[in-house]
Amino acid sequence: QKEVEQNSGPLSVPEGAIASLNCTYSDRVSQSFFWYRQYSGKSPELIMSIYSNGDKEDGRFTAQLNKASQYVSLLIRDSQPSDSATYLCAVKTAGYSGAGSYQLTFGKGTKLSVIP
Amino acid sequence: DVKVTQSSRYLVKRTGEKVFLECVQDMDHENMFWYRQDPGLGLRLIYFSYDVKMKEKGDIPEGYSVSREKKERFSLILESASTNQTSMYLCASSLGRGFGETQYFGPGTRLLVL
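Chains as they are written, first to last, in the working numbering: chain A, 1 to 116; chain B, 1 to 114.
Treat the hints with care, since some could be wrong.
Stated by the list, open to error - The calculated DSS-like cross-link candidates involving lysine-lysine, where the alpha carbons are at most 27 Å apart (straight line), are: (1) A:K92 / A:K56; (2) A:K42 / B:K57; (3) B:K55 / A:K2; (4) B:K53 / A:K92; (5) A:K92 / B:K13; (6) A:K92 / B:K3; (7) B:K55 / A:K92; (8) B:K70 / B:K53.
As the list claims (entries may be wrong) - Sample of chain B residues lacking proximity to chain A, with all beta carbon distances greater than 10 Å (derived): (9) E22; (10) E62; (11) I77; (12) E101; (13) F105.
Calculated directly from the structure, the hints in this document are not laboratory data.
Note that CB positions come from ideal geometry on N, CA and C, so glycine has one too.
Between the sequences and the hints, there should be enough to build the whole structure, so can you do that?
Pasting the structure below:
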C-alpha cells in the first residue's frame with residue numbers, strides 16, 4: 001500500500017516567519033517528489049520537484065529530501081499572506097500494471113495560514 | 001504554457017444518469033490522469049492513460065470508465081451516476097515516461113449528483 005503522510009494542519013505562522021511543511025512516504029523505491037500548492041477552490045499548481053537527497057532552493061522555497069528516512073519537506077522563508085493555501089506532497093510510485101507505468105500518490109495536504 | 005481544459009466547471013446530474021467529463025490538453029503530452037478530490041480524503045487517482053487507447057486503473061476505478069481516442073483528449077465516464085460520486089474532478093497531464101513527470105492540472109469540474 002503506497003502511502004504519503006502529511007500533517008493536515010492548519011499550520012499558522014506570522015508574516016515574515018519560516019513555514020515548515022513535512023511529508024513522509026512508504027514506498028522505498030520512490031525517486032521523484034513534488035510539492036504542489038492549492039488555493040481554495042482552485043486546482044493544484046507545481047511549486048517544486050526534487051529528485052536527489054539534500055536541499056533544492058527556488059526563491060523563497062526550499063525542498064529537502066532524505067531518502068534514507070523517507071522524508072521530504074518544504075520550507076517557505078519570509079512567509080506572506082499570499083502563501084496561505086493547502087500544500088500537497090506527491091511521490092512518484094509504480095502503477096499497478098508495472099512495466100514502467102507510474103503514478104503520483106498525493107498526501108492529503110497541509111493547510112497553511114500566514115497571519116498578517 | 002501548458003494548458004489543460006475541462007468541459008465544465010460545474011455540473012448537476014441526477015442519480016442513474018450517464019455523465020461524461022471531458023479533458024483536453026494542448027501540449028502533446030503522453031500521459032493523462034483523472035482524479036477526484038474530497039475533503040479529508042485528498043486527491044485520489046481514478047484512471048490514467050499513457051498512450052492513445054491505453055488506460056490503467058488507479059486507486060479508485062470502481063463506478064468509472066475512461067476513453068482516450070485521441071492523444072489530446074481524455075474522457076471520464078460515470079455509467080450510472082450515484083450520490084457518492086459527488087465530488088471535485090480534476091484532470092491532469094504530463095509529458096511522458098522518462099521525459100517529464102510533472103503533472104499539470106485543469107481547473108476542475110465540481111459535480112453534484114442529486
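Check: Holds or violated: K55 (chain B) with K2 (chain A), Cα cutoff 27 Å?
Finding: The given pair, whose Cα atoms are some 20 Å apart, holds under the 27 Å limit.
Next item on the list: Decide if the proposed pair is consistent with the structure: K42 (chain A) and K57 (chain B), CA atoms, cutoff 27 Å inclusive.
Entry: Roughly 25 Å separates the two Cα atoms, so the pair holds.
Next item on the list: Would you assess whether E62 (chain B), listed as outside the interface, keeps its beta-carbon beyond 10 Å of every beta-carbon in chain A?
Entry: E62 (chain B) clear of chain A: closest Cβ-Cβ about 14 Å, beyond 10 Å.
Next item on the list: Please work out if K55 (chain B) and K92 (chain A) have their alpha carbons no farther apart than 27 Å.
Entry: Given that 27 Å is the threshold and the Cα spacing comes to 18 Å, the pair holds.
Next item on the list: Examine each Cβ of chain A, and state whether all of them lie more than 10 Å from the Cβ of F105 (chain B).
Entry: violated, 4 Å
Notebook entry, point to check: Going straight from one Cα to the other, do K92 (chain A) and K13 (chain B) come out at no more than 27 Å?
Noted result: Measuring from Cα to Cα gives roughly 34 Å; hence the hint is violated.
Notebook entry, point to check: Does the no-contact call for E22 (chain B) survive, Cβ to all of chain A over 10 Å?
Noted result: At about 16 Å from chain A, E22 (chain B) clears the 10 Å cut-off, so the statement holds.
Notebook entry, point to check: Closest CB-CB distance from E101 (chain B) to chain A, is it above 10 Å?
Noted result: Violated, because the least Cβ-Cβ distance between E101 (chain B) and chain A comes to about 5 Å, which does not exceed 10 Å.
Notebook entry, point to check: Between K92 (chain A) and K56 (chain A), does the CA-CA distance stay at or below 27 Å?
Noted result: Holds, at about 18 Å.
Item checked: Hint consistency between K92 (chain A) and K3 (chain B) [alpha-carbon to alpha-carbon, up to 27 Å] -> Roughly 22 Å separates the two Cα atoms, so the pair holds.
Item checked: 10 Å Cβ clearance of I77 (chain B) from chain A -> holds, 20 Å
Next item on the list: Please work out if K70 (chain B) and K53 (chain B) have their alpha carbons no farther apart than 27 Å.
Entry: Between K70 (chain B) and K53 (chain B) the Cα gap is close to 8 Å, so the pair holds against 27 Å.
Against the hints set out earlier in the document, violations occur for numbers 5, 12, 13.
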